[in-house]
Amino acid sequence: MALVLNEEQRLLQDTARDFLAKHAPVAALRQLRDAHDTVGYDPQLWQQMAEMGWASIILPEAYGGLEFGFLGLGVVLEESGRTLTASPLFASAVVGASAVLLGGSEAQKQALLPAIAGGTLTLSLALEETQHHNPTYISTTAKIQGENFILSGSKFFVLDGHSADSLVVVARTGGTERSSAGLTLLLVDRNSEGLNCQRTVMADSRNAANIKFHNVVVPAENVLGAVNQGWAILEPVLDRGRVAIAAEMMGCALEAFDRTVAYLKTREQFGVRIGTFQALQHRAAHIQAEIELCRSVVLQALSTVDDAPHQLPPLASLAKARLNELVKLVTNEAVQMHGGIGVTDELEIGFFLKRARVAMQIFGDTGFHKDRYATLCGY
Amino acid sequence: MEDLDQFRLQVRAWLAANCPASQRQPMKTDDQYWGGRRGTFPSADAQLWFERMRDKGWTAPEWPTQYGGGGLSPQQARVLKEEMKSLHARTPLYGIGLWMLGPAVLEYGNEAQKQQHIRAIVNGESRWCQGYSEPGAGSDLASLQCKAEDMGDHFLVNGSKIWTTAADKCDWIFCLVRTDPHVKKQEGISFLLIDMDDPGVTTTPIALISGESEFCQTFFDNVKVPKENLVGELNKGWSVAKALLVHERKLMAEIGSESPRQVMQPNMAAREYLEFENGKIADATLRNALVEYDMLMQAVGLTHFRAFEEKAHGVRSAASMVMKYIGTEAEKTKSELLLAIMGSRGVGWEGEGKGFTSQEIDTLRLWAMSKALTIAGGSSEIQLNLIAQKVLELPQP
Chain A
1 MALVLNEEQR
11 LLQDTARDFL
21 AKHAPVAALR
31 QLRDAHDTVG
41 YDPQLWQQMA
51 EMGWASIILP
61 EAYGGLEFGF
71 LGLGVVLEES
81 GRTLTASPLF
91 ASAVVGASAV
101 LLGGSEAQKQ
111 ALLPAIAGGT
121 LTLSLALEET
131 QHHNPTYIST
141 TAKIQGENFI
151 LSGSKFFVLD
161 GHSADSLVVV
171 ARTGGTERSS
181 AGLTLLLVDR
191 NSEGLNCQRT
201 VMADSRNAAN
211 IKFHNVVVPA
221 ENVLGAVNQG
231 WAILEPVLDR
241 GRVAIAAEMM
251 GCALEAFDRT
261 VAYLKTREQF
271 GVRIGTFQAL
281 QHRAAHIQAE
291 IELCRSVVLQ
301 ALSTVDDAPH
311 QLPPLASLAK
321 ARLNELVKLV
331 TNEAVQMHGG
341 IGVTDELEIG
351 FFLKRARVAM
361 QIFGDTGFHK
371 DRYATLCGY
Chain B
1 MEDLDQFRLQ
11 VRAWLAANCP
21 ASQRQPMKTD
31 DQYWGGRRGT
41 FPSADAQLWF
51 ERMRDKGWTA
61 PEWPTQYGGG
71 GLSPQQARVL
81 KEEMKSLHAR
91 TPLYGIGLWM
101 LGPAVLEYGN
111 EAQKQQHIRA
121 IVNGESRWCQ
131 GYSEPGAGSD
141 LASLQCKAED
151 MGDHFLVNGS
161 KIWTTAADKC
171 DWIFCLVRTD
181 PHVKKQEGIS
191 FLLIDMDDPG
201 VTTTPIALIS
211 GESEFCQTFF
221 DNVKVPKENL
231 VGELNKGWSV
241 AKALLVHERK
251 LMAEIGSESP
261 RQVMQPNMAA
271 REYLEFENGK
281 IADATLRNAL
291 VEYDMLMQAV
301 GLTHFRAFEE
311 KAHGVRSAAS
321 MVMKYIGTEA
331 EKTKSELLLA
341 IMGSRGVGWE
351 GEGKGFTSQE
361 IDTLRLWAMS
371 KALTIAGGSS
381 EIQLNLIAQK
391 VLELPQP
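These protein sequences, in sequence, are chains A and B.
FYI, this note's numbering numbers position 102 of the first sequence as 102, with every residue one higher than the one before it.
FYI, this note's numbering numbers position 326 of the second sequence as 326, with every residue one higher than the one before it.
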């Protein structure tokens, strides 16, 4: 387990920071928002990111990947969290790629992974059916009919759902309601007949959709993994996603905090810089302490994916729960310490506040992960 | 790395062969051996175990062999610690000399001081206490008044120190004393070693809310201290003190994971005292408090490890700066959680076996003692000041 970045990872971090600051700063997200951009991210930027290998960091070399591991991925995600960069990095290159990597047949991997690695194919996971993350609460059905499955149901909060080329749909093919048994993962072309996609506009100006499936015909060969055994793939995919989004949230928290500390050093009131006030110093110092804890947790979770994936579940929940709490604390304090300007749209701090709230809902809120961690601990 | 694995196997074999079975049992407070002229061994096995460890230099694994230490690298010392932990081997010798004074003397002391004091600490021959705080100098440590006047061939010390741990059982005290009252307060302080048997040194125990009296007030009335007992330069004691405080804070930060006492763990207490329904703690509030604590402690453990790794790799980070604050606050949280889990069985004060078990009473006493953790060694508020100043570099008033 490595809790310190190596030379290569630090280099990647520097590259990512420079690139994103130049090509995808927060101002770029504001522009996409104000232009009501239909895709919601800049495809050219995504191509550039893919050319630098970012869409293939976690993939094996055999499929055109960099094979740089989650610790490597983590530094890029953290940097993209600092700039709030909108891209398919999380939904496709982490979650979609992991689903194919962990669940796909050799033929599926050959067909899909190089395209994901090249940024030319984007995937999206269609999972949620309620307003709270609940990965076994699946009512969407896939019924076998000859050589096909007939898919019906509704999915919410499908990240990049409106722009992805293909969806990985979690459907029920058996088992009782809310059980992890009887789930099946299906690859569904977004242009399928009977698929209705409604893009949702969310607080963070990033991209998601609500998707309805009405008797969508899916060829049986599009099953990822085995029928009824989807949970064995879905759970580790979700854990990888949780760790990855935690790394992005780390960047979001760090940037919001850096900007706030910089403001405390320059803003003057009562004839002095407000950073001299102990009331603010102690709150800022407390955040620093929380950041140190979270950094260790995220690094450990990332390297656990690489080195000991069987130990991942508690660490993934630890990372997501603690990062949920961190971004909430930091973004709230960031707005408060900026004072009046903190609640203006002109200042970018508000973008961090809003991204934090959406990210907190992705793959489990704090309550979900505390409950899971307690259950894993046996109480 | 292979060498380290090799070392681990050797350590494991040696510990298995040399640690008496009785010294692998959970220990109570009075099972600890603190050394010193007045020190007594709690048992013959404790003595045997101590002597074997001492002969290896492993009472102070990282100190140089020339002064009796183990000469291990930080990585090797960590291996030793891990192997002792997995065998449940007791710590053979406790002491403020080992944890705080020794590292300071090794860094700032002269050769004669190292020869005199380091080996005596390793061998458990001298027990030390700390003379920093004064009745009028708590968080504002640098305003201390206890003075040492230069009398030519010796210093004459007058004043008092408070929160001197077990001063009535110690052989030596290391003190911060004022040697120049006319300069900025941090610049007129020196670091002095004083023999507790010297004429004019007296101690009075202080009764605490825990019912214990582990701390004393120590008085100095015209105590003559030889000039060679000055550590570092005259009036430069503040630097020595700060370096030593770093050791103290590191120690206090790790108190949760390294506690010398046999303490109940909250998740074990939950099984004993709480109702379960379908495999879950029925009380949702307590279940939430417990999981928050367990998550916090995993994060704290990982951060200790990260701080260690970063130091080994020469990476600068703020991790070690925040750990005293985090670690001691967590320890208080744990004590409060234990009380909440134990309910009315958690508030027994005395009378072992009469309504309460000794463990229940111990837990309450530790809860009371835990309140001192965020005060001693630089209070939580002082820690936050330091983080704001040193890490965040916020402007100072």
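Please note: incorrect hints may appear among the correct ones.
[What the hints assert, rightly or not] Pairs of lysine-lysine residues, derived as BS3-like cross-links and limited to a Cα-Cα distance of at most 30 Å, are as follows: (1) B:K184 - B:K280; (2) A:K328 - B:K371; (3) B:K114 - A:K265; (4) B:K114 - B:K236; (5) B:K250 - B:K114; (6) A:K328 - B:K390; (7) B:K242 - B:K280; (8) A:K328 - B:K236.
[What the hints assert, rightly or not] Beyond 10 Å from chain A on every Cβ pair, some chain B residues (computed): (9) A16; (10) L106; (11) P199; (12) E233; (13) L245; (14) N288; (15) R306; (16) S317; (17) A372; (18) N385; (19) Q396.
Derived from the structure by calculation, the hints contain no laboratory data.
Glycine included, C-beta positions come from ideal geometry on N, C-alpha and C.
Check the non-interface label on B:P199: least C-beta distance to chain A beyond 10 Å or not. At roughly 45 Å from the nearest Cβ of chain A, B:P199 sits farther out than 10 Å, so the non-interface label holds.
For A:K328 and B:K371, compute the direct alpha-carbon distance and say whether it is at most 30 Å. The given pair, whose Cα atoms are some 29 Å apart, holds under the 30 Å limit.
Confirm or reject the statement that B:A16 sits farther than 10 Å, beta carbon to beta carbon, from all of chain A. The claim stands: B:A16 keeps its Cβ more than 10 Å from every Cβ of chain A (closest is about 26 Å).
Next pair to validate is B:K114 with B:K236; report whether the Cα-Cα distance is within 30 Å. 19 Å, holds
Given the hinted pair B:K250 and B:K114, is their Cα-Cα distance within 30 Å? It holds: about 23 Å lies between the C-alpha atoms, which stays within 30 Å.
Quick one, are A:K328 and B:K390 close enough, alpha carbons at most 30 Å? Holds, at about 25 Å.
Does B:R306 sit more than 10 Å from chain A, CB to CB? 4 Å, violated
Just want to verify: B:N288 was marked as not at the interface with chain A; is every Cβ pair farther apart than 10 Å? 6 Å, violated
When you check the alpha-carbon spacing of B:K242 and B:K280, does it fall within 30 Å? This hinted pair is violated, its Cα atoms lying about 47 Å apart.
Is the Cβ of B:Q396 farther than 10 Å from every Cβ of chain A? 6 Å, violated
Do the alpha carbons of B:K114 and A:K265 lie within 30 Å of each other, as the hint requires? 45 Å, violated
Tell me if the straight-line CA distance from B:K184 to B:K280 falls inside 30 Å. With a Cα-Cα distance of about 60 Å, the restraint between B:K184 and B:K280 is violated, given a limit of 30 Å.
Of the numbered hints given earlier, the model fails hints 1, 3, 7, 8, 14, 15, 16, 18, 19; all others are met.
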